[in-house]
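Q: Chains as they are written, first to last, in my numbering: chain L, 1 to 134; chain H, 1 to 134; chain R, 1 to 134.
Be a bit skeptical, because a hint or two may be false.
Said to hold, decoys possible - So, partial list: chain H residues that the calculated Cβ filter (under 10 Å) puts toward chain R:
#: 1; residue: Met1
#: 2; residue: Met4
#: 3; residue: Ile5
#: 4; residue: Ile7
#: 5; residue: Val13
#: 6; residue: Ile16
#: 7; residue: Glu32
#: 8; residue: Ser33
#: 9; residue: Leu41
#: 10; residue: Leu56
#: 11; residue: Asn62
#: 12; residue: Gly93
#: 13; residue: Pro99
#: 14; residue: Thr109
Since the hints were derived computationally from the structure, they do not count as laboratory data. Small disclaimer: the values here were computed from a predicted structure and weren't measured. Yeah, the Cβ is synthetic: ideal placement off N, Cα and C, and Gly gets one too.
Here's the letter readout for the chains.
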Amino acid sequence: MWTMIEIDTRKPVDVIDITARVQEALQEGKTESGICLVYTLHTTAGLAVNEADSALIKDISNLLDRVAPQGAGYHHDRSDGNAHAHLRATLLGNSVVIPVEQNKLILGTWQRILFFEFDGPRQRRIFVKAVPGV
Amino acid sequence: MWTMIEIDTRKPVDVIDITARVQEALQEGKTESGICLVYTLHTTAGLAVNEADSALIKDISNLLDRVAPQGAGYHHDRSDGNAHAHLRATLLGNSVVIPVEQNKLILGTWQRILFFEFDGPRQRRIFVKAVPGV
Amino acid sequence: MWTMIEIDTRKPVDVIDITARVQEALQEGKTESGICLVYTLHTTAGLAVNEADSALIKDISNLLDRVAPQGAGYHHDRSDGNAHAHLRATLLGNSVVIPVEQNKLILGTWQRILFFEFDGPRQRRIFVKAVPGV
């Protein structure tokens, strides 16, 4: 049992709160208690668990922009113009793992699952897979 | 079966070795062999697996301080003064996953589970959940 | 059921595509469907899922070199000369989790499992553990 979430990003850098989509995917499954892997199938997008505040999301994007600016003479840019997007995705990671109890994601008060597009706009796929605990 | 670890951090930035607490939580469970998710429920704290050397921990804290300094004109700081803590938590990640065999965490010689407080002092909660393998 | 992958790195900084080795480890097991934890037992090496393009790998290494340069007056360097390697490993993370269906790793078109050596050359061990879903 797994679910593929598809999202269309709208900008070169775009951050989308997918918490409700992941919770929905979980409800279709039968994992009462366990953990849930949320995994993007792309190398220029990332995932994180943090607050879905638009001001904070700007700050996170700005930080990644500062650490891995676009077009900074990257080797990979000779074949493809998106090295900065790969670098940001690598720093962030391509998956998050969330505990599940009673078929619900265990999230703290401010925690949301955030999808980070770094080379958009594109159609993106996120694989959701739950495994049961004891 | 899951366990909540509660810790009181003592400083704005504080790093605590929680390996023994996670191992203890595991012993209460029944996962002979599998993997263990260690997951903080907060957005201004992080987790990592690395060496619990106090000199190294200072180096890691200094690095994050340099990459995401406090009060650097962040948008999120207009509503809340802790954007730097969110940024550092996002870079580090809010969970680690550890293999388990014979009810024991599989850790290399120097590996310890480190909890990073970035907006303390606070009371913090860490969710521990094991899932069985075959 | 778990597998230990052993690799010999050849340089101080070395990046090795271990996707085929992980897939091989998986085939020995019996996890038709689930998730697979790939976990390095070291504190000066990391893992990431991204593209195995040699130009990009140079860009990632350069980025980490810039963010955590060798010998930048670290406290840990007084006892051991490899603080930069611990810092890079901490930023990258020491594990990745990959979905598995029909005994095969679920990877996007460009995704590969990359092992990052930051303090080589050394013999390194990577623990692979699959857990079943439903």
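Q: Have a go at the H/Met1 hint: is there a Cβ in chain R nearer than 10 Å to its own Cβ?
A: It is violated, given that the least Cβ distance between H/Met1 and chain R is near 15 Å, above 10 Å.
Q: Go through the hint on H/Glu32 and say holds or violated, using the shortest Cβ distance to chain R against 10 Å.
A: Not OK, violated: H/Glu32 not within 10 Å of chain R, min 12 Å.
Q: Going by Cβ atoms only, is H/Ile5 closer than 10 Å to chain R?
A: With Cβ-Cβ at 20 Å, over 10 Å, it is violated.
Q: For the restraint on H/Leu41, tell me whether the closest CB of chain R is nearer than 10 Å.
A: 19 Å, violated
Q: Can we keep the H/Ile16 interface hint, with Cβ of chain R closer than 10 Å?
A: Hint violated; H/Ile16 Cβ to chain R Cβ min 15 Å, cut 10 Å.
Q: Let's test the interface hint: is any C-beta of chain R closer than 10 Å to that of H/Met4?
A: 22 Å, violated
Q: Does the nearest C-beta of chain R fall within a distance shorter than 10 Å of the C-beta of H/Pro99?
A: 5 Å, holds
Q: Hold the hint about H/Thr109 up to the distance rule: shortest CB distance to chain R must be less than 10 Å.
A: Constraint on H/Thr109 satisfied, holds at 8 Å.
Q: Do the numbers back the hint for H/Ile7, that is, is its least Cβ distance to chain R under 10 Å?
A: At about 20 Å, which exceeds the 10 Å cut-off, the nearest Cβ of chain R leaves the hint on H/Ile7 violated.
Q: Interface hint check: H/Ser33, Cβ to nearest Cβ on chain R, cutoff 10 Å. Holds or violated?
A: Where the cut-off is 10 Å and the nearest Cβ of chain R is about 8 Å from H/Ser33, the hint holds.
Q: With 10 Å as the cut and Cβ atoms as the points, is H/Gly93 at the interface with chain R?
A: 6 Å, holds
Q: Taking the least C-beta to C-beta distance, is H/Leu56 closer than 10 Å to chain R?
A: OK, holds: H/Leu56 within 10 Å of chain R, min 4 Å.
Hints 1, 2, 3, 4, 5, 6, 7 and 9, counting from the list given before, are not met by this structure.
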